[in-house]
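Visitor: These protein sequence lines are chains A and B, in that order.
Oh and the first sequence: position 62 is 62 in the numbering used here, straight run, nothing missing.
Oh and the second sequence: position 43 is 43 in the numbering used here, straight run, nothing missing.
Keep in mind the hints are simulated off the structure, nothing from the lab.
Since we're looking at a predicted model, the values are computed, not measured.
Just so you know, even glycine gets a beta-carbon here, dropped at the ideal spot from N, CA and C.
Among these hints, one or two may not hold up.
What the hints assert, rightly or not - For each label pair, taking beta carbons as the anchor points, the in silico distance ranges come out as:
#: 1; chain 1: B; residue 1: Val142; chain 2: A; residue 2: Ala32; range: 21 to 31 angstroms
#: 2; chain 1: A; residue 1: Ala32; chain 2: B; residue 2: Arg71; range: 41 to 51 angstroms
#: 3; chain 1: A; residue 1: Ala35; chain 2: B; residue 2: Gly43; range: 49 to 59 angstroms
#: 4; chain 1: B; residue 1: Arg13; chain 2: A; residue 2: Arg45; range: 21 to 31 angstroms
#: 5; chain 1: B; residue 1: Ala167; chain 2: A; residue 2: Ala32; range: 44 to 54 angstroms
#: 6; chain 1: B; residue 1: Glu162; chain 2: A; residue 2: Ala35; range: 17 to 27 angstroms
#: 7; chain 1: A; residue 1: Asp66; chain 2: B; residue 2: Glu115; range: 34 to 44 angstroms
#: 8; chain 1: A; residue 1: Asp58; chain 2: B; residue 2: Glu162; range: 44 to 54 angstroms
#: 9; chain 1: A; residue 1: Arg52; chain 2: B; residue 2: Arg9; range: 18 to 28 angstroms
#: 10; chain 1: B; residue 1: Asp66; chain 2: A; residue 2: Ala32; range: 38 to 48 angstroms
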Amino acid sequence: MAPDDDAQSVLSAYLDGECRPEERAGIDAHLATSARWQRDLEEVREVRELVRAAAEVDLPPGLLDDVIAAVAAVEVAAPVDAPVAPVADLAVARRSRGRIAAWVAGMAAAAAVGVAVIVPTEPVVNPPVAAVVRTHAVRSSVDGVPTDRLAQSSIRAGFLK
Amino acid sequence: MPTWEEIARDHGRFLYAVAYRLTGDREDARDVVQESLLRVRRGLETYTPGNLEGWLARIVTNVFLDDVRRRRRRPTSALPDDPDLVVPPSAGADEVAAAAGLPPDIQRAIDALPEEFRVPVVLCDVADRSYEEISTTLGIPVGTVRSRIHRGRRLLRTALVEAGVVA
């Protein structure tokens with residue numbers, strides 16, 4: 001095998017225990033005779049160990065508590081199946097969640113102190129239809145005017161009293 | 001079956017380590033962990049008990065890659081004219097790396113790796129995932145995983161030699 005990157009990609013697999021047995025035997029044979037492969041193997045091993053040492057990361061104090069509280073808040077504000085804003089918009093989502101939480105808290109507080117919530121309704125109109133018809137009917141009977149000719153009737157209605 | 005909160009407590013450090021090595025930024029890592037736990041919470045009902053850290057590594061990687069794709073689609077916004085509106089500089093790479101317990105040159109070298117190499121290397125060396133798992137997570141053949149990990153390590157070495165970290 002030529003010692004280029006493609007051929008040598010087996011060296012990383014070799015270090016990671018990701019080679020097939022027959023492949024490993026071939027690499028062992030090659031390493032036994034090639035100083036360059038031995039050097040390359042050591043170079044890759046060194047980098048691999050440096051990166052693996054990076055696996056230990058100091059967790060910032062309070063981060064887990066904060067994140068758990070944030071995720072729990074999302075669960076309260078929205079059902080599990082509801083769509084959730086992606087990570088790039090987390091800041092926006094957090095602000096939005098804050099507004100919803102504030103609204104919910106405000107409504108709860110209002111209920112607690114007995115504040116009435118006024119719900120607007122359709123206005124109710126009760127025209128005196130029967131009285132108007134009756135008046136015109138009286139006028140019609142006096143003047144011989146059909147009731148469908150709706151002239152003013154208040155004077156005559158008053159007169160008939 | 002653990003609850004999502006138990007998973008957060010028991011595996012939060014693992015999630016954060018992978019997220020931090022992928023993003024190279026504490027605040028970004030925090031957001032990735034938060035989004036990951038949200039997906040854990042939502043996906044827990046369909047999760048089949050077994051390789052929990054493999055599942056978590058897949059979630060945190062997908063969250064990171066989703067964010068990378070979204071940032072690529074989003075146009076870069078212009079700097080504000082008002083100097084008072086300019087966001088103050090965040091902690092420097094050296095400070096951040098020191099806080100994470102890692103020599104700054106190594107974190108810088110990891111950050112400088114193109115994503116196509118950084119993600120397989122981090123999944124292998126930080127998340128300790130097998131090539132098969134990385135292949136499944138990234139949707140690429142195992143042979144590609146193998147070559148990207150090796151190429152990534154060679155690139156890291158070149159950067160570390162230039163930085164004088166290794167001879």
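Visitor: Next, verify each hint and record whether it holds.
Guide: Status of the hints after comparison with the structure:
The hinted window of 21 to 31 angstroms between Val142 of chain B and Ala32 of chain A holds, with their beta carbons roughly 26 angstroms apart. Taking the beta carbon of each, Ala32 of chain A and Arg71 of chain B are about 48 angstroms apart, inside 41 to 51 angstroms as hinted. The hint said 49 to 59 angstroms for the Cβ distance between Ala35 of chain A and Gly43 of chain B, and at roughly 50 angstroms that hint holds. The beta-carbon spacing between Arg13 of chain B and Arg45 of chain A, approximately 26 angstroms, falls within the hinted interval of 21 to 31 angstroms.
About 25 angstroms separates the C-beta atoms of Ala167 of chain B and Ala32 of chain A, a value inconsistent with the hinted range of 44 to 54 angstroms. With their beta carbons about 24 angstroms apart, Glu162 of chain B and Ala35 of chain A fall inside the hinted range of 17 to 27 angstroms. Taking the beta carbon of each, Asp66 of chain A and Glu115 of chain B are about 27 angstroms apart, not inside 34 to 44 angstroms as hinted. The hinted range of 44 to 54 angstroms is not satisfied by Asp58 of chain A and Glu162 of chain B, whose Cβ atoms lie roughly 27 angstroms apart.
Under the hint 18 to 28 angstroms, the C-beta atoms of Arg52 of chain A and Arg9 of chain B, about 24 angstroms apart, fit the expected range. Separated by about 46 angstroms at the C-beta atoms, Asp66 of chain B and Ala32 of chain A satisfy the suggested range of 38 to 48 angstroms.
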